[in-house]
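Engineer: What follows is the residue order along each chain.
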Amino acid sequence: MSDSEHPDLAAQEQMDEEPELDRGVVEAWAARMISNPDRAYKSAFYVATIFFLVTTLFPFYWLLMVALTPSNDLNQVGVLTPGGFNPGVFVDVFLEYGVPFQRFLFNSFLIAVVSTVLVLFVASLAGYVFGRLQFRGKNVMLLAVLVVSFFPPAAFFVPLNRLFNTNFDVLRPLMADGSLYNTPYAIIIPVSALYLPLSIFILMTFYSQIPDGLEDAARVEGTTRIGALFRVIAPLSAPGVATAGVLTFITVYNEYFFSSLMTSGAAKDWGPMLEGILAFRGQYEVLFNVMGAASIIAVLPVAILVIVAQDKIVSGLTQGGLKE
Amino acid sequence: MSTDTDRTNARLLARPLNWLETRSDAVFAYLLLGPAFLLLAVVAFFPLIQTFRFSLRADAILSADPFGEFIGFEHYVELLTGETLLPQQFLDPSFQTPILQQALFATLAFAILSVLLETAIGFGQALILDQDFRGRRWVRVAIIIPYAIPIVIQAMIFYLMFSTRVGFATEFMQSIGVFGSNPLSTTTDSFLIVLVADVWKTSAFMALLILAGLQSIDRQLYDVAKVTGASPWQRFKYITLPLISGPLLVAMLFRTMDAMRIYGLIDATAGCQTVPSMSCLVVTAFNETRRWASASAVAFLTAVVISVLVLLYLLGLRDSESGLT
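In order, the protein sequences belong to chains A and B.
The first sequence lines up with residues 34 to 357 when you count with this note's numbering.
The second sequence lines up with residues 56 to 380 when you count with this note's numbering.
These are computed hints drawn from the structure, not numbers from a lab.
There could be a bad hint or two in this list.
Stated by the list, open to error - From the structure, some residues in chain A lie toward chain B, with a derived Cβ separation under 7 Å:
1) T89
2) V99
3) V155
4) V162
5) L166
6) P192
7) L193
8) T257
9) M324
10) I340
Claimed, not checked - What the simulated footprint calls covered on chain B by chain A, stretch by stretch (three residues with Cβ under 8 Å from a Cβ of chain A suffice, anywhere in the stretch; the number is not a length):
11) 71–83
12) 90–102
13) 192–199
14) 212–221
15) 260–267
16) 305–318
The beta carbon of each residue, even a glycine, is placed where N, CA and C say it ideally should be.
Let the sequences and hints guide you as you build the complete structure.
Structural biologist: Here it is in structure tokens:
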């Protein structure tokens with residue numbers, strides 16, 4: 034702190050040295066805090082930091098404790114200690130209990146990856162238009178995109194469910210009964226649309242910052258406008274594309290509403306990871322430790338993504354959020 | 056042979072691209088927006104209109120087509136007077152239904168409490184992240200990790216904590232006299248559990264948005280205040296707070312919209328019967344009673360309530376901005 038180096042303050046501090054009094058620890062501490070408020074603020078800062086670290090991280094720690102406890106000792110789980118030591122549960126999740134958890138994980142991954150690619154492509158086109166072109170009706174259309182992100186998914190649910198349960202003859206070669214229900218598309222389509230606006234806003238900001246000269250140069254070299262977008266503008270905005278991609282992947286992987294309602298919930302019907310975790314909550318017995326282990330396994334991909342791409346997540350959320 | 060097909064493929068691709076080249080800027084813009092608006096139309100605009108149209112029809116529980124004859128706004132009247140046949144009420148003006156069993160109040164109470172708590176806690180977290188200290192990056196990761204957690208896992212953690220068999224939290228809450236014997240099937244207790252779980256996960260989002268606002272404040276203002284002898288509390292009150300109010304309102308707007316659509320957390324912990332939020336009511340009406348028309352009416356009312364809230368925020372925002380300039 035620069036204040037404590039200030040000559041006046043330093044002098045004051047010396048003056049404040051009190052004559053030796055017979056004080057308890059707490060009293061002495063309080064006296065020090067009063068005579069030197071900066072120190073009080075600093076220790077308050079450390080206390081608050083530690084408090085937030087404990088409250089955010091403790092639930093994960095305790096989840097691990099539950100997972101490590103053998104099924105028979107589950108009522109032994111303490112606040113800080115497991116009721117036994119059974120690391121084998123992380124393998125058993127996949128092999129025992131008759132729940133194909135790996136398939137659920139795969140379904141979730143596939144849905145998240147396909148949605149991310151789709152969102153990035155569509156949002157690139159829209160972000161380019163909103164960020165770099167002037168045309169009539171631009172603000173109205175931008176507002177329409179923003180409005181979508183305000184509405185709850187429940188407002189779209191009944192008609193979408195009906196639509197996806199309708200059999201279309203066109204789809205018959207692709208889907209067994211010609212309907213989209215119980216296919217990954219039943220989740221990919223609504224979820225992509227719901228998270229499209231965020232990516233449009235992020236990409237719009239990044240694309241608008243590329244100098245016109247670079248695009249013109251590419252055009253003179255003979256690429257088309259679309260070519261200039263995907264060969265020049267998008268690569269130059271790589272951080273923005275990565276931000277939009279990471280955020281879309283995480284939000285789709287984490288999504289609950291459509292993920293839980295658009296399939297029957299069976300692994301072969303493309304039920305996503307959340308159905309897998311809930312499947313351990315059986316009819317007669319709840320496998321608490323296995324649910325804990327499954328949750329930890331399913332959380333690892335996003336946790337790693339957050340650690341690797343924290344700057345992108347922070348910048349993307351603040352940009353997407355603060356755009357009015 | 057293959058080069059021939061390649062060439063025809065290239066020509067097939069080149070033709071629309073060339074055609075696109077010769078269009079005016081506006082036409083080009085509309086064409087590129089095509090995919091985005093097609094997706095939004097299929098998933099959002101069109102279903103929203105459909106939801107409204109379905110909501111004006113009668114419930115036909117037993118027939119093949121779940122929508123009966125046109126009955127106008129009857130479902131809305133039933134929903135707003137507490138006479139709907141759904142498992143939970145949307146709004147019961149006579150208050151014979153407990154207040155947290157009414158979808159509108161359960162959702163509003165959840166949204167208001169969670170947004171206030173998250174703003175307060177997020178502010179604290181943002182003030183910490185705004186400082187320069189060693190290990191700041193790691194503290195930031197730790198604070199934002201809950202935000203990136205899948206809803207089902209967030210729900211699982213709190214479900215386990217409060218389950219009577221493995222959890223420690225129920226015993227603790229009972230010992231201080233807040234919870235009954237089985238909190239996950241009691242409305243008030245479950246409401247608190249869901250609230251705490253949501254605050255745990257989403258405070259980080261508020262923290263990030265507030266942090267962005269904090270970092271856009273000119274640091275020289277603080278230097279001037281320091282020289283003139285303002286205490287840290289005064290600096291916070293007279294510089295930080297007024298300058299952050301705009302971004303803060305925007306952040307709260309986003310959080311409110313999000314809190315109003317709470318569904319997954321409730322579904323995976325206490326269940327939709329215990330804490331019926333508005334989205335919960337849509338799903339139970341749809342899945343359990345097959346009253347699709349009533350479900351549509353609830354869904355449309357949800358959208359209306361949220362639109363009203365957005366408008367209120369926008370008015371507040373305009374005031375706070377005109378107050379500054």
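Engineer: Taking the hints in turn, state whether each one holds.
Structural biologist: We went through each hint and held it up to the structure:
About 5 Å separates the beta-carbon of T89(A) from the nearest beta-carbon of chain B, less than 7 Å, and the hint is met. Interface restraint check: V99(A) against chain B, minimum CB-CB distance 6 Å, threshold 7 Å, status holds. Interface hint status for V155(A): upheld, as the beta-carbon distance to the closest one in chain B is roughly 5 Å, under 7 Å. A hinted interface residue such as V162(A) counts as satisfied when its beta carbon comes closer than 7 Å to some beta carbon of chain B; here the least separation is about 5 Å, so the hint holds.
Proximity of L166(A) to chain B holds as hinted, the smallest CB-CB distance being about 5 Å (cut-off 7 Å). Hint status for P192(A) relative to chain B: holds, with the closest Cβ pair at about 4 Å, below 7 Å. Among the interface hints, the one on L193(A) holds; its C-beta lies about 5 Å from the nearest C-beta in chain B, closer than the 7 Å criterion. Because the smallest distance between the Cβ of T257(A) and any Cβ of chain B comes to about 5 Å, under 7 Å, the interface hint for this residue holds.
The beta carbon of M324(A) comes within 6 Å of a beta carbon in chain B, closer than 7 Å, and the hint placing it at the interface holds. The restraint placing I340(A) at the interface with chain B holds, with a minimum CB-CB distance near 6 Å, inside the 7 Å limit. Here's how the segment 71–83 of chain B fares: 7 of its residues keep a CB closer than 8 Å to some CB of chain A, so the rule of at least three is met and the hint holds. For the segment 90–102 of chain B, the proposed coverage by chain A is satisfied: 11 residues have a C-beta within less than 8 Å of a C-beta in that chain, meeting the threshold of three.
Given a C-beta distance limit of less than 8 Å, the hint that chain A covers the segment 192–199 of chain B holds, as 7 residues qualify and 3 suffice. Judged by the Cβ-Cβ criterion of 8 Å, the segment 212–221 of chain B is covered by chain A as claimed, because 7 of its residues qualify and three suffice. Coverage of the segment 260–267 of chain B by chain A holds [criterion: at least 3 residues with CB-CB distance below 8 Å; count 5]. With 7 residues bearing a CB less than 8 Å from a CB of chain A, the segment 305–318 of chain B meets the requirement of three and the coverage assertion stands.
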